[in-house]
Every structure is written in structure tokens, then in C-alpha cells.
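**Q** So you can see what is in the structure, the chains are spelled out below.
2 protein chains.
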Amino acid sequence: MLDPSVLNELKAIVGPDNVESSAMDRLAYSYDATPNLQAMPDAVVSPRSTEEVSKVLALCNRRRIPVVPRGSGTNLCGGTTPLSGGIVLLFRHMNRILEIDEQNLTATVQAGVITLDLIREVERRGLFYPPDPSSMKISTIGGNLNENSGGLRGLKYGVTRDYVLGLEIVLPSGDIIRTGGKLAKDVAGYDLTRLFVGSEGTLGVITQAILKLIPMPESKKTMLALYGSLEDAAASVSAIIAARIIPATLEFLDRPTLEVVEQFAQIGLPTDAQAVLLIEQDGPPEVVDRDLARMAEICRGHRALSVRVARDENEADGLRAARRSALSALARLAPTTILEDATVPRSQIAPMVRAIREIADKYGVRICTFGHAGDGNLHPTCVTDARDPDELHRVEQAFEEIFERAIELGGTITGEHGVGVVKAPYLEMKLGAAGIEAMKAVKQAFDPNGIMNPGKVFAKSSRKRVVVES
Amino acid sequence: MLDPSVLNELKAIVGPDNVESSAMDRLAYSYDATPNLQAMPDAVVSPRSTEEVSKVLALCNRRRIPVVPRGSGTNLCGGTTPLSGGIVLLFRHMNRILEIDEQNLTATVQAGVITLDLIREVERRGLFYPPDPSSMKISTIGGNLNENSGGLRGLKYGVTRDYVLGLEIVLPSGDIIRTGGKLAKDVAGYDLTRLFVGSEGTLGVITQAILKLIPMPESKKTMLALYGSLEDAAASVSAIIAARIIPATLEFLDRPTLEVVEQFAQIGLPTDAQAVLLIEQDGPPEVVDRDLARMAEICRGHRALSVRVARDENEADGLRAARRSALSALARLAPTTILEDATVPRSQIAPMVRAIREIADKYGVRICTFGHAGDGNLHPTCVTDARDPDELHRVEQAFEEIFERAIELGGTITGEHGVGVVKAPYLEMKLGAAGIEAMKAVKQAFDPNGIMNPGKVFAKSSRKRVVVES
Chain W
1 MLDPSVLNEL KAIVGPDNVE SSAMDRLAYS YDATPNLQAM PDAVVSPRST EEVSKVLALC
61 NRRRIPVVPR GSGTNLCGGT TPLSGGIVLL FRHMNRILEI DEQNLTATVQ AGVITLDLIR
121 EVERRGLFYP PDPSSMKIST IGGNLNENSG GLRGLKYGVT RDYVLGLEIV LPSGDIIRTG
181 GKLAKDVAGY DLTRLFVGSE GTLGVITQAI LKLIPMPESK KTMLALYGSL EDAAASVSAI
241 IAARIIPATL EFLDRPTLEV VEQFAQIGLP TDAQAVLLIE QDGPPEVVDR DLARMAEICR
301 GHRALSVRVA RDENEADGLR AARRSALSAL ARLAPTTILE DATVPRSQIA PMVRAIREIA
361 DKYGVRICTF GHAGDGNLHP TCVTDARDPD ELHRVEQAFE EIFERAIELG GTITGEHGVG
421 VVKAPYLEMK LGAAGIEAMK AVKQAFDPNG IMNPGKVFAK SSRKRVVVES
Chain X
1 MLDPSVLNEL KAIVGPDNVE SSAMDRLAYS YDATPNLQAM PDAVVSPRST EEVSKVLALC
61 NRRRIPVVPR GSGTNLCGGT TPLSGGIVLL FRHMNRILEI DEQNLTATVQ AGVITLDLIR
121 EVERRGLFYP PDPSSMKIST IGGNLNENSG GLRGLKYGVT RDYVLGLEIV LPSGDIIRTG
181 GKLAKDVAGY DLTRLFVGSE GTLGVITQAI LKLIPMPESK KTMLALYGSL EDAAASVSAI
241 IAARIIPATL EFLDRPTLEV VEQFAQIGLP TDAQAVLLIE QDGPPEVVDR DLARMAEICR
301 GHRALSVRVA RDENEADGLR AARRSALSAL ARLAPTTILE DATVPRSQIA PMVRAIREIA
361 DKYGVRICTF GHAGDGNLHP TCVTDARDPD ELHRVEQAFE EIFERAIELG GTITGEHGVG
421 VVKAPYLEMK LGAAGIEAMK AVKQAFDPNG IMNPGKVFAK SSRKRVVVES
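The listed protein sequences derive, respectively, from chains W and X.
If you're matching positions, the first sequence starts at 1 in full-length UniProt numbering and goes up one per residue.
If you're matching positions, the second sequence starts at 1 in full-length UniProt numbering and goes up one per residue.
The reader is advised that the hints may include incorrect statements.
Heads up, the list lumps identical chains together, so a pair's fine if it works in one copy or across two of them.
[As the list claims (entries may be wrong)] Below, computed lysine-lysine pairings styled on BS3-like, alpha-carbon distance capped at 30 Å: (1) 443 - 55; (2) 362 - 212; (3) 220 - 11; (4) 440 - 362; (5) 362 - 220; (6) 440 - 55; (7) 156 - 440; (8) 362 - 443; (9) 220 - 443; (10) 220 - 55; (11) 55 - 156; (12) 212 - 11; (13) 137 - 220; (14) 11 - 440; (15) 212 - 443; (16) 460 - 443; (17) 156 - 362.
Just so you know, these hints were derived from the structure itself, not from any lab.
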């Protein structure tokens, strides 16, 4: 519980309406999109400006109160669960697009802007902000920055990190720093911009960002390739890249995912295929047509059962929406849905998908796999029931083995969802003890009192994938 | 001077032939490409493996001996001048391309690989490594990584940072860490990869890197636009970007630079124009032709005196080589050439170029300006004589005012050359006191004993641009 004097100080800083501490308010922010993980904050604070964030942080630092910055809480790693209580910091008042600069092709935004709002505003001007996490309808740019979110266009266009030119950051001390600028090149000192992107709110609070925009591609086409075997689909992915074609999107869905998505979206997806690739290319029309023709040929050469180009943007939208709905669709199957994002070099997709199947069989758990095949970023998703401790134990074992296999294949434990609390026990697998120590030194440098989002990134001791707290 | 026991230990680690400590050897590594800056190292050490680097660092850390990692010493910020003595670490034995992976489109290289060697090897396979610093014929990838080098293709393709997927790093403790991988996406912990890129050898030693490759563009064309006024050239740059065209290269040369380059390269460049834009586009032939036609139209609409497309790759090569030779050409004019890289948002190029002219006039110094106009990354270059203390003082004042103006225009003190020692006094202008403190905390976290490239990035107190040490 917060000391009443702290609550009063917080109210003095952000205004009494912007500090919530009733049981109901606290409950609403006790969890995020991560299943089976909950912890109560002591208060929910909504600052109205960077200066207010600065004062809140200085106060919390002085009083050693944990601070958990939170966008819309759509993360899947427990990144915004207030494990040690303290305050949840909301950005609902800091949600403005401050500027779209058409000369320098930049957008300056506050952390609370909804991703899709930015994308729409930018596209109205013929410009393009590529990062498109599946949660973009409700996720915030601040959340995307903290998690370094990916999305369906990552293969060709990269991830959130690749579109951040500058940040305004409040450090735990209350100091405000500004990195970068509307600059294509800037090497004035260490790259704090990219150090903060993906730091999961553990180093400070990002309040504002200058984002890079690019010209909107002139045209786009979407294609669906169906396969009788997983291996053929995976081989097609490798062959497309090896043919020196980088499509905008190259998504993979296995049969179980396909069935569930079709039940949910009802858009006439074929449910008899073993695997599907959703392929998009954008750019000048002549290039798009040529690339699509070449990719279709490659898919057929790898025994695709059928290859179909979407007739129009409506049909393409339906296909994309169906893919984006995969998690929601799977979530209807069972009380608990655990989605991971083990990632491998793209040449290793077939072995990884095969390994996921074998591991699921071995532990008798149900795992559907879909994901960004072009990035090697797979989302093995387990539909289970957290109330069944025996099954949950097997799920944990299965995911641990999946992570091990991903690392063996040259991959990583998380491609785009972040470490948070649920993957913290596995981080050392990827980084080694020396890597963890180096990261702890960075954490200590920025947040010596450990107030920023405590319990995230760095594990205590457990190696459990599913942490149950109350 | 190093203790003889240290020299013996070093010889035991890397072999006696790989430790040089004669006066001549030390003199050879007492300076880099930065004018007017020299300091003697105590020894020059050439490890043969990462394990040897680790042992050398552990020894130096224990004995508090400065370590200056050095590629080919082509940097322009004094980044590899051994200001506090100690050892210079060379990578001449660690210069292998370990693998080019055509399935995952990656190259794995040791730090000592020459940039152009990598580019040639990659291009032989129809692949493309875009970062192309002007020094690429002799610069090393390790040097490029430490400085986050840019180049002529930065506008469309980004800088070195954008092509680094993973690093092998030796920390001052001797610990070896490996970040990233052959992965398009990886968010397992803080982004140490990009923290080390551009850290100027002050945090640890990069021994190996996994670099991202992309497909080689199918075709390329080069165009030269001549202008009767600087403003028209700068306005063309803005108009091209505003027309949503991102050319591969968009270089600017002012008249004084043009004259000198033509004298040097003798390729028939027009020396009566006030400014020249060198414009390149690459990609599918139909797109290149269309973009070139549109850009030519934009240039003519902004009063270009003439617009000429290079007839063939030979002529284009000549133009590019001439541009790359600008620094060498200017260096022939006077005993001392001081090249800076103040960078501004690209919409501010015209005001910045005008400010540079006015400042040069005000202080009675000769400054030629050329650079990467599309990036807003200008290289005002002063031809002077370091033996004339009065003139040198005015040069210092002029550059200080240029940096101030760049910051006022939303820019930075260095776009691609790094801070090193010569821009350290100005870093606070860009970052503020809190920004400097944050960076010092990072330095302290990785290198608590301050052995890594001491005296770089962080200023002592002086605000002098030109530091003379003996």
C-alpha cells in the first residue's frame, strides 16, 4: 500500500482525477494480455505532460515505489503486470500526434498514440509507417517502442526500432533527455535511442518519439498458397528469399490454426491444406506483378496444391484480417491460450515447425503454429487450461524444450514479444551468464534503485514459463 | 611506458611477433586520419583470435592499461589516437570473411575485414551490403561498426547500424558475449548490438559481426544536375523527397569543392556551376528510368542549368569516384584539412549551407562544403595551416559556430564521423547535461576502470575543436 502522503503528492502533481486507487481501478490494471499472470498495483496514475511524468518519477525514485509504464496492455510477456505493486503509469492524456513533417518524412508523437491512428493519419498523406503489430488497433506507440514490436511487414520493412529517429525519455531521477532528431544520420554519443527501444520500461519512461516515415508503396497484391505438407511450405519460403525476392509479407499458418481461423472469420479459407502461406508484395505495379508471378512459380515448383492471387483489395483485406485474428480465434478454443514467439534463422523454419509438432506430441499438449515465416518468427500457440496443474506442467516443459531447440537452431527465445516476466527464466539460454551480467549493469546504470518495472527481463531463479501469482 | 612484465605477458598471449614496441612502430600508430592530433602508444598488439583479445583485455583491465582498438585509422574524429598511451589493438590477423549465407542473406566476418573486400565478395553473389563510407577501400568493418559509418547510399539504405544483426564482443573483464544472430527479429533483452555500434571502442572490443545482406538492385543510373545557386540545389533536394522519391544517392558539392575535385580527378566536371547534385537511383530498370525522369524534371523546375544522365557505368563510376575523392582533393590545397559533418534535417540544408558560408566569411577562413544532401549530412571542410595559431583559433571559432547553428536547426554535431576527441567538447550542446550523465553511466557500467579508448566521447573541459597534443 502507498503511504497516504505519497498519494497526496501524486494527486498534487497530476491532479486528483488522475490518480486512481480504488480496488476496482487497481484490479483493472492488475493484468495484461498475458494469460495466468496477475498482481495488484497500489495506484494508477495518468500524467498529462512530460513534466508531470518527471515529477512522478522523481517522487517514486525518492520513495522507492515501483513504476510500471503501460500502453494498452496488449503485450504477451507479462511486461505490464505490476508484479511488485507500485504505480501503473497510463498515457491516456498523452496521446497526440504532435506533427507530421512531410518535408523530412517524420512523425512526432506522444507515447499514448494508438498505432492504427498514426498509421491512418500518415497514410492519408501518402506516407507509410510500416510497423504493424497484430494488436495495432488498440496498441500504443509507447507500448510498441518499449517492446520493439514487429508485425506482418517486418520481413521487408523491419520492426519498430527501424523507424525510431529520436526519443524523449524521463529517467528514474526525473531527468528528461532527448535523443536523436529528425535526422537520417546522428552519431553523437551512444545510441540511447535504440537502447531504450525494446527495454520494456525497465530503464525509464518514453514520453515522446520522432518516427521515420517512408513513401507509401504505389500498389500491393496478396496471394495465398496451399500445401499438402509443412515441409513444402517452409521450402518455398527459403526458395523465395534465395531467389532474391523480399516480399512485404510472408506468413505461415499450419492446419490447426487454419481450421480455427476459418471457423472464426468465415471467409472461405481452405481447411484441408496442411499449411498455407500468405504472401504480399508492394511497390510499383510492374514490380509487384513480376514478383508475384515469380513467387507463384516457386510455390508451384515446391508442390503447392494451389496458388491464388486475391482478386481485389477487399479479398486481400479479408485474408490479412483473418491472419491477424489467429490469436483471437485460438483463444476461443480453450480457457487459456499461451502464445510464444520462438524465432530461428529463416532457413531453419521447417526443422523448427517439425520440432514443435514432435514436442507437442511428446508432452501431449495441443500446439498450433503460425507466424512470420519470412522472419523465421513463429508463434507456437498452446490452447490449454490453466486450472489443470498437471497439463500446465506439461505445457511448461514443452515450451522449455521449444526454446532450447530454437537456440540450438541459431534462434532466440523471443522475436517480437519481449522477455517480460514469462521469458525471463530462459534469457540466459540465449545470452549466457556474461550477457545477462552486461544487461544487469545497464539496468543498474539507469535505474540504481530498481523502481522501473521491477521483476521484468531479469529472472529471479525459477525456470517456469507460466508464473502464477495472486 | 609498459612494465616489462606486461610486455612479456602480452607476448605470451599473442606471440612475440605480434607485440611491437619500438619507437618506429609506436610512431606509426600515434595518429590517425584526423589532422593535428598525435599521441604515442606504449605498444601495438595484434591478437590472432577472440580468445587472445579476451586475455589481452583481462590483463589490461587488471593492470589498468588503456586499450585503443584500431581498424585502418581512417576516422576523422581522433577516435583511434592513443591519447593516454597504452596499447593499440590491431586486427590484421582477424580479417577473414567467415561465411556468406545465401539462404539467410547474412555475412559473418571478423572485425579486420576490409569493407571493400566484403562488398566485392558479396556482390559476386548478386547480393548487396549497402554501407559505403568514402574510405571503404581501406577501412575495416570493425572500424565501420565502432563509428557507425555512413556513406553515399545512406539516404535510401541507411548506415552501418542498419546492417548489423549480431556481434561478438569482448568486454574489458575479458568476458566474451554474443548478441543477436542470423535473425530478422530478436528482442531477447536490451539491444546491446546497437549500443556497441557507434560506441567508438569505449565499451569493449567488437571481434566479429553478423551482417545483413539484401538482394543486389537490378540496375542503377547516375545523373548530374548543375545549378547557378546553392539555394536552387538545396530546394531540389527537398522537392525530390517531398515528391516521395528516395534516391539511392543524393550528393551535394559546392563550387569550391567542385573546382578542386576537377583539378584532382580531371574528368570534365563543370567548374562554372555554383553547386552540383550527384543523384543516383537503383532498382528495377523501369522504376529507375521513371524516377530519374521525374527527378530531372524537378531539378529543371528548380532552375538547374543542366541535367545530364551518365551515358554508361564507366562515366557513372567516374562521377562517384570524383565525389569520393573530395577529401583527398581538398587535402592538396593546404597543409591542414579539417573536415566536419554537421548534420541537419534535410529541409534545413539551404539555411545550413548559407550559414556555413557566412560563418567562414566572418572568421576569414576557407571552407568548402560537400556532403550527403539527402541525409542533411554536410561536410564543411576547412583548408588551413595548423602551424598558424591565429588562423587555427579562427577555425575553431568558426566550427563552434557551425555546430551551434546545426543544433539550432534541429541537427547534430556529427552525422557519421563520430565524436572521438575532436567533437567531445561539443557533445553537451546536443545532449544536454542529463544526456551526458546517462552516457557516462553506460560507460561506467561496461568499463568501470576506464581502460577502453580513454579520452574519447566524453570531454574533459576544453571546448577546442582542434586539440594539439604531443
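**Q** Give a verdict on every hint.
**A** Right, here's what the structure says about each hint:
Within a single copy, residue 443 and residue 55 get their C-alpha atoms as close as 21 Å, and across copies as close as 27 Å, so both meet the 30 Å cut-off. Neither within a single protomer nor between protomers do residue 362 and residue 212 lie at most 30 Å apart by alpha-carbon distance, with minima of 46 Å and 36 Å respectively. In this homomeric assembly, residue 220 and residue 11 never come within 30 Å of each other (Cα to Cα): the closest approach is 50 Å inside a single copy and 61 Å across copies. In this assembly of identical chains, the alpha carbons of residue 440 and residue 362 never lie at most 30 Å apart, being 36 Å within a copy and 50 Å across copies at closest.
Taking the shortest alpha-carbon separations for residue 362 and residue 220, neither the intra-copy value of 42 Å nor the inter-copy value of 54 Å comes in at or below 30 Å. Proximity of residue 440 and residue 55 under a CA criterion of 30 Å is satisfied in both settings, with 26 Å inside one chain copy and 23 Å between copies. Taking identical chains as interchangeable, the C-alpha atoms of residue 156 and residue 440 are never at most 30 Å apart, the minima being 33 Å within one chain and 36 Å between chains. In this homomeric assembly, residue 362 and residue 443 never come within 30 Å of each other (Cα to Cα): the closest approach is 39 Å inside a single copy and 47 Å across copies.
In this homomeric assembly, residue 220 and residue 443 never come within 30 Å of each other (Cα to Cα): the closest approach is 42 Å inside a single copy and 46 Å across copies. Taking identical chains as interchangeable, the C-alpha atoms of residue 220 and residue 55 are never at most 30 Å apart, the minima being 47 Å within one chain and 54 Å between chains. With identical chains, the CA atoms of residue 55 and residue 156 are never at most 30 Å apart, being 41 Å at best within one copy and 41 Å at best between copies. With identical chains, the CA atoms of residue 212 and residue 11 are never at most 30 Å apart, being 36 Å at best within one copy and 49 Å at best between copies.
Taking the shortest Cα distances, residue 137 and residue 220 sit within 30 Å of each other inside one copy (21 Å), while across copies they are farther apart (39 Å). Taking the closest pair of Cα atoms, residue 11 and residue 440 never come within 30 Å of each other, the shortest separation being 33 Å inside a single copy and 34 Å across copies. In this assembly of identical chains, the alpha carbons of residue 212 and residue 443 lie at most 30 Å apart whether taken from the same copy (27 Å) or from different copies (28 Å). For a Cα distance limit of 30 Å, the shortest separation of residue 460 from residue 443 qualifies both inside one copy, at 15 Å, and across copies, at 26 Å.
In this assembly of identical chains, residue 156 and residue 362 lie within 30 Å of each other by CA distance neither inside one copy nor across copies; the values are 36 Å within and 48 Å between.
Violated hints, in rising order: 2, 3, 4, 5, 7, 8, 9, 10, 11, 12, 14, 17; the structure is consistent with all others.
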